[in-house]
Amino acid sequence: MTQTGLAGAAQSKDVRRPRPKRARAGSPMGRGKYPFILAFLLPPVGLYLLYMLSPYVQAIQISFTDWSGLTSSYNFIGFDNYVRMWNDDQIWTAVRNNLILLLVVPVLTLFLGLFFASMLNVGGRSKGAAVTGVRGSSIYKVVYFFPMVLSVVVVGIIFKYVFAPETAGGILNSTLSTIGLGGLTQLWLGEPRFLIWIVVVVMTWGFVGFYVVLFSAAMQSIPKDIYEAALLDGANRMTTFRKITLPLVWDTVQVGWVYMAIQAMDGFAVVHIMLGINGGVDGAGDVLGVAIYRAAFASSRFGYAAAIGVLMLILTMTIAILFMRGLRREKVELA
Amino acid sequence: MTHRTTRTPQSALSTRRRFLQQLAIGGAVVGPGSAFLASCATGGGDDDDDAAAEEPQGEVSEDNPLGVPTDQPVEIYIFDGGFGDGYATDIHQPIFSERWPDIEINHHAAVDIAGELQARFAANEPPDFVNNSGDGQMDTSQLISDGLVHDLTELFDAPSWDDPSVPVRDTLVPGAIEMGTRDGTPYVLNYAFTVFGIWYNKTLMDENGWPVPTTWAEMLDVCADIADHGIAPWVYQGVTAPRYMNWPLLTMATKLAGPEILVAIDNLEEGAWGHEAIRESAHALWDLGQKGYYLEGVEGMEFRDAQGLWARGEAVFCPSGSWIENEEADAIAEDETFELAMMPEPLLSDDAVMPLETIRATAGEPYFVPAQANNPRGGMEYMRAMLSMEGARGFTEMVTSFTSVLGSSEGVEIAAPGLSSAQAALNAAGENVINWFYTSWYPTMENPGIDQATGALLRGAADVDEWVERCEDVAREIREDDSITKQSR
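The listed protein sequences correspond, in order, to chains E and D.
Taking my numbering, the leading residue of the first sequence gets 58, the next gets one more, and so forth.
Taking my numbering, the leading residue of the second sequence gets -16, the next gets one more, and so forth.
What the hints contain is simulated information worked out from the structure, not anything from laboratory work.
These numbers were taken from a predicted model, which means no experiment stands behind them.
Treat the hints with care, as some may be off.
To be verified - Residues from chain E shown here face chain D by an in silico Cβ test under 8 Å; the list is partial: (1) Thr128; (2) Pro222; (3) Glu223; (4) Asp339; (5) Gly340.
To be verified - Each computed SDA-like pair below joins lysine to any residue, with the alpha-carbon atoms no more than 25 Å apart: (6) Lys274(D) with Glu223(E); (7) Lys469(D) with Phe136(E); (8) Lys274(D) with Leu241(E); (9) Lys274(D) with Gly239(E); (10) Lys469(D) with Asp123(E); (11) Lys469(D) with Gln147(E); (12) Lys198(E) with Thr296(E).
Stated by the list, open to error - What follows is a set of in silico ranges between Cβ atoms, one per label pair, in the way DEER data are often shown: (13) Ile117(E) with Glu460(D): 22 to 30 Å; (14) Ser80(D) with Met109(E): 47 to 55 Å; (15) Leu372(E) with Asp446(D): 33 to 41 Å; (16) Ala247(D) with Val140(E): 26 to 34 Å; (17) Glu190(D) with Val199(E): 48 to 56 Å.
Even for Gly, the Cβ is constructed at its ideal location relative to N, Cα and C.
If we strip away everything but chain D, and leave its shape as in the complex, we get (with noise of 0.2 Å):
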């Protein structure tokens, strides 16, 4: 029996493994359950660090532009949620296989994700290819500063899937490649493309002659007749997300100062949560609480509630994105003539810099290669073949949501009314699209941080100087911390 459990000195605990050995040691007599302790959370294995060292690589030709070894297995997983992953093994596998008859895609399918591969990443046998989605994503900006992303460069320089003379790069719309960008190095790749706006109740609309607001005084009119005929003109997320409130007010704030005010709080500037716009933007949507302009009871509702309410014609406009049709399935089934349809934010004055048509579009939806993987160029070249015109086009039509390949969507007959507004309004807005970075470079800053502020605003428990100084607050956390690893732009 040994006695080193109890006896190690303080000292010794300084390596991990010498620990977990004594820890082996002294279990060695407990059972052979104890070797499991060196595979426990703490317990590294033995190869840690070799993985990455040797990446498989075939042969680089016109053909195999990014060098995958034609002959090793391709293991992918697949977030199962909004999309399914159908879209996966029924069009971008069939494609990929068809180049690469030789290699076996192991195909998975996972609704947590974090769940499913956590472990194999602290365990340093991360899949090749990861779908980073869902309620249980694991946080991009960490994976990316603990240096498990494989880095994309060559992804985007090499060949497209279809025309050889243009690179991948090329394919994509603008934005797309800058949103899994961090220091300068693309490490994701954002293949949906989401379109947001204020999303209202079209039938409603028609039926009582109310037109679309392109302004805010008119939003208020609109807004007085709604609340007339005993229907509420707002809803929003509830008590789950009221950051979706963010969105209009970000985007009217942008549209009356221009798109710099976004670079700001991007930046995590000081006082940029203060500037005269964002501050209008802001008493603009405090105001319609105020009026009584939001849903009755809505800051205590869960978001599917409340944007099931909306669908069922009980409110008229809900700030959302492009995949609330898919969401809302089922509700907005329920009535034949129901039809929604988007709008861009209205103008907050006459003298906004940017036009009406402006809108936030983002591309989202994120997809990865660890950089441990063991065969990481196979799930480039998946990524490849993803972009491919004919693997855009199969998703776009089967799980009716964008992607972010350049013209995939033109002429993709859209049979949903919500998405086809939202294509028309993304036509329309030609080069005024806007975004922010800052939800997805500092997740805890959108939420908890700013999504509460919000709430406090909208249910009138905060004004606009509390707001901001909640909202400055938030920022400065985040800029204080050094265990953050900061970006910019």
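Next up, chain E with everything else stripped away, as it sits in the complex (with noise of 0.2 Å):
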């Protein structure tokens, strides 16, 4: 329990600082004040270390062993998962996929945040008020999060219709055919190569609502005299968002852009709903939560499961901490 006793001190140091040096008897953190701490800090830091900790250790536990997820004992096998895994031609599919996701989603998800928020609260022009939102933002404000109403399973479900043959009631073909764009039909998803693009727009489309919202409250606590002064100096929408918006809500992109990667570093539901648990044509669209649950529950290889497991976690780890360094920025004070 040497997570529980360093995170203990730690806290109590903080506790301790802004106080006088000599702290009185009678104060009310005095005497109980240990007692106090432990027994708001031991219930989390248990549950904490029971659900999310035990599982990762069992996790790379599994991984090494040949476990099938039906019996009560295993062997250990050593690394052979993990040589497995190597040779699997379909995981490293996965991991391109994966790859994708990461790159493109967050990039076009932030910047279209960033467009749709700015145009709500900023963007528009008025005689009235300097600073404003585009004519109707109130209305595309609660259109914009539509998506986020809806569950993942039922968005999966619509694009598979917006996606199929026209024949079978594809929503997309169907309209390219009645605006005269009928040779830009394709079989959308019975085309190995779309299909992770198809993920990407659907994911995008699922997530951008959210950071409207999110960017829009960042954007509201941004002082209106800034903006003023900004316009009274001549500079247009582009300047202002350029050099004002953008630098006071960044720490708010920051933190979506490295929650949007790890979101992207998943993308299970949508690509099992869309794809099936092949990944698609030719498991072309496969991810490694798909993967996964592949190997877990299709070919009762828990083991080899928790290897992929494994790949992803450090991809995921990797990944946030690159990105909490790479995006570190200098800090602007509004006050």
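Fit the two chains together into the complex; they arrive one by one in their own frames, and the hints show the way.
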């Protein structure tokens, strides 16, 4: 329980610092301090150890076994699962797809989120106020949030029919034909090279609304007089966005970016529902999450599934750390 | 406070229990919740190996050939899917209870079998009888190689429910026991009996005077005619399951060259998929795609959408098993005049070694008794009751599916036109019933393996040579994977 002890010590130091050097015995945080802190600290730390850390440790342990998930015993087989993973072409397809999701979905989502949010909050020009959203922004705000209200399962099923062939009720192809662009129709879900890009579109569509709301909140906390000053100096929308809005919401963008990247490493629900357990035609739309599910529940290889899970853990953590470091930028104080 | 969690030396991790004990000790200060550690995924119970040893047994007698303990409950799990669970509660359980009034049946119906039972297997406390079916079924081969499935030899050797002079073994259709056998030991009872073939829109065929093709040349003529009417000749199960087309593919090849080619495939022999007959058959199906005879856009469709379009008259031929009539019941009911029928696959050439009537039929819908069950004999006795003539007929009447009990569909009025045509085809086939086993021996070989190759063949992304190469690669992968237990026949 080293973690508990360390965390407790750190916490108590923080608590002590702002107080005068000689604490009086009768102060509210006096003698009963440690039991008090421990009582509040132990349950969350305990829950964290039990439900977060112990599964990680167990998963790593299982990844070195041949456990089928059905028995109560198993054998340790060293790095066999990792060797199998290295030689498994399907895993490389999944990693490639996860990387595509990781690079494209956050960029697209954050770009659109920032664009929409700034249009809604500071993009408009009206005579009365200097800083306002475009006309009808209160309606758009609600509309953008719609996808967030839908469950991923619903989103997956809807988009399966957006991309279905026209004869099976495909919405996209029907629309293309109706507006005279019949030449652009494709068997979207039947063509291996499209699959991952379809997932990109669906994930972006599903996430953008949340980031619009997140960035809107950040933008509303920017003092209006900054904008007014900029406008007096003759700045246009692009300049105010680049020089004022973006720097002042950068912290939020950074958080959003990390969060987005972690979500993009997942993609399980959308892929599983839209493309099926094999990752679609020729497995071309596979992602690691689906590969784990397949190994564990379709081929009864829990050991192998755990090994893929460890790979995913390493990738996700590396990315989170890289993003946190790479995006660090001078903080701007508002006041 | 203990520091063991973080200071545990690597070598001490080698035993699982010790590791968990240490975690539990480490967690003891955390709160009562940590006791769960010992019961989560890797925390085996203390009584791991005891369960199997004590198998409760009653007195073996003429009335009780399996020695069922007459006072202990039986816990059964039925997959609540296409067949529902009414056949169990309304037909089989009354038959069982009539003979064993003191045995309590704990009936459970589950849609996701693995979801409900996987943890119980891992904890060594499985039920006594499992209908391991549906999307959430557990991998039977893995269960067997993990030693979790009870040997059913005693059941099949026991006298049958209806006639003590005939053993259960002899009341089943040929091949039914083999389907559930691994390394010579029967483990799984496959109760339902499925007939495979090409299902066609009989209404359209009759209206337009199209003959039911018996050779591939005739098939192409009919297809050309159908296509001229603006209807798609063929449909298959789209992106979801192009592997359904493997069934006509392998069946036609077998009619051409004999059942030995299937043995080679099942035994994972090198070059099995490159056999001339299989190439010819694959070429025929590839050619349908080249001629544009598959429903437009089918390669991008969900299987239910594709089958639905077929049932609504957008296409004429569809490969499937005898469940399709149940599966598409809604679409079929939309049109009063729609009638479907099954035909055996046409002959690829005149010098085929097996007759046109040859069909693929197989026992399916698996039931097994877990080896670590509390009352495995009770589970086996329940199977014996299912296999009674009354139980089998009741099943066929209730869920419109055949059973693997010999003669159980005789005299049963089958109202469903599709199933009755399948019954006729089965009778016409006589001895010429074929099947292959690799799909159940090596599930991942069929799906995603061969499934993806055949998908590419049908949408024209691979030609016959590339298809053969991909199938051979899939077979090689299974052959060279030491972690997969191999079967042969």
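Cross-check of the supplied hints:
no.: 1; hint: Thr128; in the structure: holds, 5 Å
no.: 2; hint: Pro222; in the structure: holds, 3 Å
no.: 3; hint: Glu223; in the structure: holds, 6 Å
no.: 4; hint: Asp339; in the structure: holds, 5 Å
no.: 5; hint: Gly340; in the structure: holds, 6 Å
no.: 6; hint: Lys274(D) with Glu223(E); in the structure: holds, 20 Å
no.: 7; hint: Lys469(D) with Phe136(E); in the structure: holds, 23 Å
no.: 8; hint: Lys274(D) with Leu241(E); in the structure: holds, 23 Å
no.: 9; hint: Lys274(D) with Gly239(E); in the structure: holds, 22 Å
no.: 10; hint: Lys469(D) with Asp123(E); in the structure: holds, 17 Å
no.: 11; hint: Lys469(D) with Gln147(E); in the structure: holds, 23 Å
no.: 12; hint: Lys198(E) with Thr296(E); in the structure: holds, 24 Å
no.: 13; hint: Ile117(E) with Glu460(D): 22 to 30 Å; in the structure: holds, 27 Å
no.: 14; hint: Ser80(D) with Met109(E): 47 to 55 Å; in the structure: holds, 49 Å
no.: 15; hint: Leu372(E) with Asp446(D): 33 to 41 Å; in the structure: holds, 37 Å
no.: 16; hint: Ala247(D) with Val140(E): 26 to 34 Å; in the structure: holds, 30 Å
no.: 17; hint: Glu190(D) with Val199(E): 48 to 56 Å; in the structure: holds, 53 Å
In summary, the structure agrees with every hint in the numbered list given earlier.
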